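Engineer: Here the protein sequences come in this chain order: A and B. Each residue of the first sequence is one higher than the last, beginning at 1 in my numbering. Each residue of the second sequence is one higher than the last, beginning at 359 in my numbering.
Not one of these hints is a red herring.
Each computed DSS-like pair below joins lysine-lysine, with the alpha-carbon atoms no more than 30 angstroms apart:
| hint | chain 1 | residue 1 | chain 2 | residue 2 |
| --- | --- | --- | --- | --- |
| 1 | B | 521 | B | 483 |
| 2 | B | 481 | A | 10 |
| 3 | B | 483 | A | 10 |
A short list of chain A residues far from chain B (calculated; beta carbon distances all over 12 angstroms):
| hint | residue |
| --- | --- |
| 4 | 9 |
| 5 | 38 |
| 6 | 96 |
| 7 | 183 |
| 8 | 350 |
| 9 | 353 |
Partial pick of chain A residues on the chain B-facing surface, computed with a CB cut under 7 angstroms:
| hint | residue |
| --- | --- |
| 10 | 14 |
| 11 | 224 |
| 12 | 225 |
| 13 | 226 |
| 14 | 228 |
It is worth saying that the hints were derived from the structure and are not from the lab. Values in this document were obtained by computation on a predicted structure and should not be read as measured data. Where is the CB? At the ideal position from N, CA and C, for every residue including glycine.
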Amino acid sequence: MIYREAGDFKTSYRDDSQTFPIRLDRWGYYAILAVAFGIIPFVINDYWANAVLVPFLIYAIAALGLNILTGYAGQVSLGTGGFMAVGAYAVYKLMTAFPDISILIHILLAGGVTAVVGVLFGLPSLRIKGFYLAVATLAAQFFLIWLFNKVPWFYNYSASGQITAPERTVLGHAVTGPATSAPAKYLVCLVMAFLLAWLARNLTRGMLGRKWMAIRDMDIAAEIIGVDPLRAKLSAFAVSSFFIGIAGALLFAVYLGAAEAGEAFGINKSFLVLFMIIIGGLGSIFGSFAGAAFMVLMPVLLKNLLVGTLGWPTDLAAHIELMIVGGLIVAFLIVEPHGLARLWRLTKEKLRLWPFPH
Amino acid sequence: MMQAHEGYVTDDGRQIGGTVMELKNITLRFGGVVAIKDISFDIRQGEIRAIIGPNGAGKSSMLNVISGFYHPQEGEVWFKGYRRGPMKPYQVARLGIARTFQNIALFDGMSVLDNIMTGRLNKMKAGFLSQAMWWSTAEREENENREAVEKIIDFLEIQNIRKTPVGRLPYGLKKRVELARALAAEPQLLLLDEPMAGMNVEEKEDMSRFILDVNDEFGTTICLIEHDMGVVMDLSDRVVVMDYGRKIGDGTPDQVRNNQDVIDAYLGVAHD
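Please model the entire structure based on the sequences and the hints provided.
Structural biologist: In structure tokens:
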């Protein structure tokens, strides 16, 4: 009844190709933005920031990045953790080497550094595809972690081998270091996630996105109609790594505060982000957010339910939680292999006719 | 060769121009197998040129040579007065040669509209930053090209499916979308690899009408491969006949129809 496109006429191609062509969608989007920017920063506490919202936003950025590479351009990558580590170590070196420059610029530069590294490791994609490329990126994952552990220059010769984020401020508020308040953490991540999601949407709706999808769907045909596979694939690696590098920089500097390469950015991270985009939906901006929300929220919910409500011992709950999350992933893949984004789309299609389906 | 070099007038009164593409003594080998043996022919501005022949005659290989997918070991490919060196397929596309495939090569995950828009990628020049920010150039270009694509959508009568994912379409419509994508590039030479394979009579008639209309309205030069003899003889201005990688006939449909070698190849005569 309310959710419909009938009567919502478009008179220009510009209107027709906008991100939310249906009026109710558009209002919903503005409402979410208003709540995210206007209400949450004033009511957020440490628990919500650290357990839910900040990791959700950071992983959403990483998922966006991987989704550009895997979901849009069709190049499978298991190197996400390694690329996040590049972002984290880049921002650490920049923060300590140039303390006077704004941390926001450092975070963007860290994304740039990761983009260069990503292009380097993306070069094999010109020759190899599918599982073989996945193994090549797996090599990148292990090599990068090894590098950050073995070369003391990367962690400034600290005794523990860890990197620790010094305090940096934006407009007088600390955004890194132990004194950071929950709203500051949240706002930095929110602004980054919002800008990058907008960027991802613009890139994927235009010709670059079409080139990526053409390469994904049928690379030979793409080449015949004029897509240069070298530039298309490498640009996907660059953009994807830029996003993932920023996610890594935020995870280290804003969220964790201190990190050790193997622990914080191991192969587990690569799989976590991969699960996010598979569950959320490959080739979908919304899916990246949905998948990140699912993978961040599910453990928190289960923990609250098992430990908080049922009173189980914490260690038992932790193991059960792993099993349940794993089971859910498998169930999800069987029931809806196209992810939450597809479920959402189906719901919307049903809603268009509701309550008169005939 | 029957026609003068500066072109000729067809039976139905269309003026055919000079040579667009010329193939000189093309030989293509795969290891020890000779797929094409010393073939020469030309394609003229504005004509519909057909390549026919029995199965395995080397027709598709010939089309792949023209579209730059295969590089012949011997011979020269001349396009618009310049000799074409070995090129990558995407470079050939930039020269203004578009093609369709025998077994449809569309992008299944994308909508019909996006598929056809990919055909215009050589027309769109907006830089990376402009696209990322969706600044004026990117948006203006997108809308201008959308307009051009909508004209082709109207022309091929596929308005109602423009937002449908291609994977969900039936076979006949997919063929039409593929033609639309090739047309979107505004090619100087359009290569059609069996545009009517696997279609029923009605779909074939539709496709024939579209091919003639494309040639008529846009003046596009077309080179096509087709098995249906009736269709080929009706559509094309000149026909090249291939058999076992050699050229056995070249001329108007009537000339080819009465060529003894061609009759032998199709009706079957012991080769010696």
